[in-house]
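Enquirer: Here the protein sequences line up with chains A and B, keeping their order.
When we follow my numbering, the leftmost residue of the first sequence carries the number 19, and every step to the right adds one.
When we follow my numbering, the leftmost residue of the second sequence carries the number 324, and every step to the right adds one.
Quick caveat, the hints were computed from the structure, so don't treat them as lab data.
A virtual CB, placed ideally from N, CA and C, is assigned to each residue, including glycine.
Treat the hints with caution; some may be incorrect.
Derived CB-CB ranges, DEER-like [claimed, not checked]:
hint: 1; chain 1: B; residue 1: Arg-449; chain 2: A; residue 2: Gly-112; range: 41 to 49 Å
hint: 2; chain 1: A; residue 1: His-82; chain 2: B; residue 2: Val-554; range: 48 to 56 Å
hint: 3; chain 1: B; residue 1: Arg-563; chain 2: A; residue 2: Gly-112; range: 53 to 61 Å
hint: 4; chain 1: A; residue 1: Glu-56; chain 2: B; residue 2: Arg-449; range: 33 to 41 Å
hint: 5; chain 1: A; residue 1: Val-22; chain 2: B; residue 2: Glu-493; range: 32 to 40 Å
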Amino acid sequence: MRTVRRRYLALEIDSDEMVDSREFMDAVWSAVSKLYGEYGASEAGLTLIDYDMEKRFAVIRTAHTAVEIVRTALASITKIENMPVAIHILTVSGTIRSLYKKMAK
Amino acid sequence: MKRIYADLHLCPNLNDSKHVSQIISKASKLGYRLIAITFPSNLIEEEIWRLRNISKEAKIDLASRVDLKPKTPEELIYDLRKLRRRFEIIAVVCESKNVARQAAKDRRVDLLNFPSLDFRRRFFDRAEAELASNGLASFEIDMKPLLTLEGPARVRLLSNLRRETAIAKEFHVPIVISSGVSDEMLLRKPKELTALASLFDLDETSAIEAVSKNPLAIVKRNREKLSSRFVAPGIRIIRRGKDC
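My request is simple: use the sequences and hints to build the entire structure.
Expert: Set out below in structure tokens:
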């Protein structure tokens, strides 16, 4: 069986307020579903890998075919629980190790 | 060579200098190297120079822009005559068909902007595109409404943008993607803007050109024209003096 290729996205959560991981993932799922429907969201295979509320940093995993879908959905997020938020992609990588290596540079 | 990204439509509150500085530094942080701020048409030159200095500190280039909202073509011509030599970018918000047609064929207009919320007043059709393709005007798409609208309004906007970008591409009218925001939280990275452009079927190459090559070309062309050395397109003064 062919393995599913994945991509890891390091994200910066730009907000004045603290956003917890559940609220964050709900917002991401909701943005993907709004723009691409439940079918698109199911193809994205989103998973939260790492979340640091203090540093406003997150790592999510997605299918490599859905990177652009996720990028668009993340860019469309303007609010989480009525708090103004912007989510910016810092880097994209094929493995967690190389993602953190890129981040360290 | 590293690509240079530009956002030609930032609308900060010019009375709040802290807010202006914040939005400039945010744009710089997000990867833009050229921004344009919308100024009122009666603005004094010193204010532009003050903001240029702030931008210089943030390592970002600032272009001056004015948005014209004329009610008649005659008013547009009058405004262009008065303001063309004072601003690097002139955008026309086309609120009537006559104004849209005049703006598309007038070579002093840089950007054609259409009201996002009133769908009956989006006049970018094939006739408009044909006129614009013979002139110098580009079709500007503000991304702010895409971020702020929801539900049926956003669906309708996407549908209009899809039709309009297809027409612009067919008639080779340059597309410029701008943010059009006054709030720094709505600023997005250039790559994020190109990703959002995929929602109205703009291919990646065209979207990247719309945030880099096309806006840069407008500013470069106008700076050349506004320079004291400019004589005519392709002709400029190299040296002045008795020995020339």
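Enquirer: Hint by hint, note whether the structure agrees.
Expert: Hints versus structure:
Between Arg-449 of chain B and Gly-112 of chain A the beta carbon distance is about 44 Å. The supplied range of 41 to 49 Å therefore holds. One distance hint, 48 to 56 Å for the beta-carbon pair His-82 of chain A and Val-554 of chain B, holds here, with the actual separation near 54 Å. The beta-carbon spacing between Arg-563 of chain B and Gly-112 of chain A, approximately 59 Å, falls within the hinted interval of 53 to 61 Å. Between Glu-56 of chain A and Arg-449 of chain B, the C-beta spacing of about 37 Å keeps the proposed range 33 to 41 Å intact.
Between Val-22 of chain A and Glu-493 of chain B, the C-beta spacing of about 39 Å keeps the proposed range 32 to 40 Å intact.
Violated hints for the displayed structure: none, as all numbered hints are satisfied.
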